[in-house]
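Protein chains: 2
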Amino acid sequence: MPEKKRIYLDNAATTPVIPQVIKAMEPFWNQTFGNPSSLHEEGRRARVIVEESRRTIAKLLNVKPAEIFFTSGGTESANTVITGGFLEIGWKSIIITATEHKCVIKPAQRLTKHDVSVITVPTDRRGKVLLQELRTAIEQSERPTLVATIHGNNEIGTINPLDDIASIVKKHRDVYWLVDMVQTIGHIQVDLSHWDIDFAFASAHKFHGPKGCGFLFMKEGLPSIPLIMGGAQERNMRGGTENVPGIVGMATALKWMIDNLDKHYNHIANLKRTFIKNLKEISSEIAINGPEGEDSLPTIVNVRFPQVKDPLLLQMSLDIGGVSASIGSACASGTTEFSHVLKAIGVPADEAPIRFSFSPLNTIEEVGRALEVIKSVIFKI
Amino acid sequence: MPEKKRIYLDNAATTPVIPQVIKAMEPFWNQTFGNPSSLHEEGRRARVIVEESRRTIAKLLNVKPAEIFFTSGGTESANTVITGGFLEIGWKSIIITATEHKCVIKPAQRLTKHDVSVITVPTDRRGKVLLQELRTAIEQSERPTLVATIHGNNEIGTINPLDDIASIVKKHRDVYWLVDMVQTIGHIQVDLSHWDIDFAFASAHKFHGPKGCGFLFMKEGLPSIPLIMGGAQERNMRGGTENVPGIVGMATALKWMIDNLDKHYNHIANLKRTFIKNLKEISSEIAINGPEGEDSLPTIVNVRFPQVKDPLLLQMSLDIGGVSASIGSACASGTTEFSHVLKAIGVPADEAPIRFSFSPLNTIEEVGRALEVIKSVIFKI
Chain A
12 MPEKKRIYLD
22 NAATTPVIPQ
32 VIKAMEPFWN
42 QTFGNPSSLH
52 EEGRRARVIV
62 EESRRTIAKL
72 LNVKPAEIFF
82 TSGGTESANT
92 VITGGFLEIG
102 WKSIIITATE
112 HKCVIKPAQR
122 LTKHDVSVIT
132 VPTDRRGKVL
142 LQELRTAIEQ
152 SERPTLVATI
162 HGNNEIGTIN
172 PLDDIASIVK
182 KHRDVYWLVD
192 MVQTIGHIQV
202 DLSHWDIDFA
212 FASAHKFHGP
222 KGCGFLFMKE
232 GLPSIPLIMG
242 GAQERNMRGG
252 TENVPGIVGM
262 ATALKWMIDN
272 LDKHYNHIAN
282 LKRTFIKNLK
292 EISSEIAING
302 PEGEDSLPTI
312 VNVRFPQVKD
322 PLLLQMSLDI
332 GGVSASIGSA
342 CASGTTEFSH
352 VLKAIGVPAD
362 EAPIRFSFSP
372 LNTIEEVGRA
382 LEVIKSVIFK
392 I
Chain B
12 MPEKKRIYLD
22 NAATTPVIPQ
32 VIKAMEPFWN
42 QTFGNPSSLH
52 EEGRRARVIV
62 EESRRTIAKL
72 LNVKPAEIFF
82 TSGGTESANT
92 VITGGFLEIG
102 WKSIIITATE
112 HKCVIKPAQR
122 LTKHDVSVIT
132 VPTDRRGKVL
142 LQELRTAIEQ
152 SERPTLVATI
162 HGNNEIGTIN
172 PLDDIASIVK
182 KHRDVYWLVD
192 MVQTIGHIQV
202 DLSHWDIDFA
212 FASAHKFHGP
222 KGCGFLFMKE
232 GLPSIPLIMG
242 GAQERNMRGG
252 TENVPGIVGM
262 ATALKWMIDN
272 LDKHYNHIAN
282 LKRTFIKNLK
292 EISSEIAING
302 PEGEDSLPTI
312 VNVRFPQVKD
322 PLLLQMSLDI
332 GGVSASIGSA
342 CASGTTEFSH
352 VLKAIGVPAD
362 EAPIRFSFSP
372 LNTIEEVGRA
382 LEVIKSVIFK
392 I
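Line order of the protein sequences matches chains A and B.
In the working numbering, each number is its position in the first sequence, counted from 1, plus 11.
In the working numbering, each number is its position in the second sequence, counted from 1, plus 11.
A hint or two may mislead.
Repeated chains share a single entry, so a pair holds when one copy, or any two copies, can fit it.
What the hints assert, rightly or not - Derived pair list, reagent style SDA-like, types lysine to any residue, alpha-carbon separation capped at 25 Å:
(1) LYS113 with MET248
(2) LYS182 with GLU231
(3) LYS266 with TYR276
(4) LYS124 with PRO155
(5) LYS124 with VAL186
(6) LYS230 with LEU142
(7) LYS75 with SER204
Just so you know, the hints here were simulated from the structure itself, not pulled from any lab data.
This is chain A alone, in the form it adopts within the complex (with noise of 0.2 Å):
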């Protein structure tokens, strides 16, 4: 009897590398292997093949190449912000909302040991950051001042209105912006160059590229701010070996999440679309954490399913049977603290969370089959 396939819908944790970046990768394990830094044969083919998929991902998202800086992930580029700033700016005040990342919240409060204010501004009940409390925040902050606004929330998927947050945000000297977008570079519409941001990040693994690649963008003109220091490699703004495969994957992953985003789109949402319909039909008690239109991601649906008291008990009896779903989210998996971002929001602490979430691989067949494995679920605990 063959084993039933799993579903995975845990796509805002990581996702699979997709075949066609494993094969983009291929050539640099052993042929194309050089140090990109290195002036030999070797070395300058490396170097081609970085810089080339620097203009690929920075032609993507409508900034220049010498705005795109390669490093391990989402949570080094947001390090090197708040901490390289730190070093390099001296931040006095950092702003944060309440639902960012742990990547933001806690290189910044660590911080406050070093005389760093850190304010941390409250979001409304779908999770959005409230814009008086923002403005009031910066006026009084002591500059400079790094204000952290993520743009799609990772547990509930709310989607900032960087629109607004510009207007508030860019009016200040001496502020400068920092946007977390590991959630959105690849999933929804990004024009990086519309909001006049100062710094915003993006992660491999989240858009079917490899783990331990991501990258930072930073507004040419911006002072060097670097967190990992060594060699020249990236102007002087990240040393180490630069990771060849991994860069060339994440450009052939993120060229194809793009080319095919507005395909992408439609697909996930209507995804997303029927799954919440026919939970809602489980049972009129399930209800979704944070918003669910238009001004949420497509890819992330939180649902809080009251009857059941114990949401890590509901996750594993939905593992079992076949379905990867997440408590919060990865990153705080392991820990039995309750999210920090559920509670901005409201959620009582006592109520189920999971978080389901959606890549352009996933079914409709599957969301079907999701749907029957929590229902048959839901009743037993």
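Fit chain B to the given chain A structure using the hints.
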């Protein structure tokens, strides 16, 4: 006419990934692709392999698995100790040798802006740190102090006397010891538990593993000093989704290197001996920068060609002849400044230094062919 195969003698810059490593990484692109922090089956399977890789590496180096932290490479590891340590432990002094890699020098120097004293201890003409000067520097340093002594130098191959250094460093309270083992781990015998080192690091792509992956050894019981914060990965020492294929590849490569270490060592030492002997027969003016014997790495030969005034021209001519070698280190390539390592050992700036570096994959036949190319080239330019 078939193209003549190039001779890659720049293995200290980077190495090709060996086929068994490519194969070992394969299942982790889109089969076992989960996020190790996820609690479902995909995540748990990824977690298992990450921890298995950690145990493999720990065992090969005779330390505990809990003492190994995965990073994106050597440079990140060094920066973790220097900058993470500054933020968490609060280095007042950092003592480095004159022949450290830039991944140690640069982050240390940056901290002088933040009231950290950086003291550079000179070396002898072979590149070994002067022990009496090291002792004095430590005694006079304001604590807490970080002492960084490179194990095997990446430009001239000098092996520092860790036994002697340990007897000096480990006498003092609030003095921490960091050892750059990028060129030694996997290449010469290293029992990491032997010297009571606090921090050491290595990089996978220097031993036929993938780029973008390395590790930091940190002695049990030391305070947590993360550089990159976010999720609770690596027991809160390094946020960001683990580079699962990279970690598996690194463990596989290191196991191959260490399981075959004696065989590789003898093979490479023979290549180096043959190379040097024949070089000197080409011209009696050709000399070696740094030591040649037991106190040097078998992998690295830094050659001085006093007849040649322009090392770049020599390197390019070798490249055209099919031989890949480097001027100093790859990390310093592209810059025109004279190597700080060669300056430290008293090499005149007007004598062309070329580094040749071997790996187990090089053959004696390649060394013979390289010598022919060198011969034909140096008399031409």
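Verification of the supplied hints:
1. LYS113 with MET248: both (23 Å within a copy, 14 Å between copies)
2. LYS182 with GLU231: within (18 Å within a copy, 49 Å between copies)
3. LYS266 with TYR276: Within one copy only: 15 Å inside a chain, 44 Å across chains, cut-off 25 Å.
4. LYS124 with PRO155: Close inside one copy (17 Å) and across copies (17 Å); limit 25 Å.
5. LYS124 with VAL186: Classified as both; 21 Å inside a copy, 22 Å across copies.
6. LYS230 with LEU142: within (24 Å within a copy, 47 Å between copies)
7. LYS75 with SER204: For LYS75 and SER204, the Cα distance is within 25 Å only inside one copy (9 Å; across copies 48 Å).
Of the numbered hints listed earlier, not one is contradicted by the structure.
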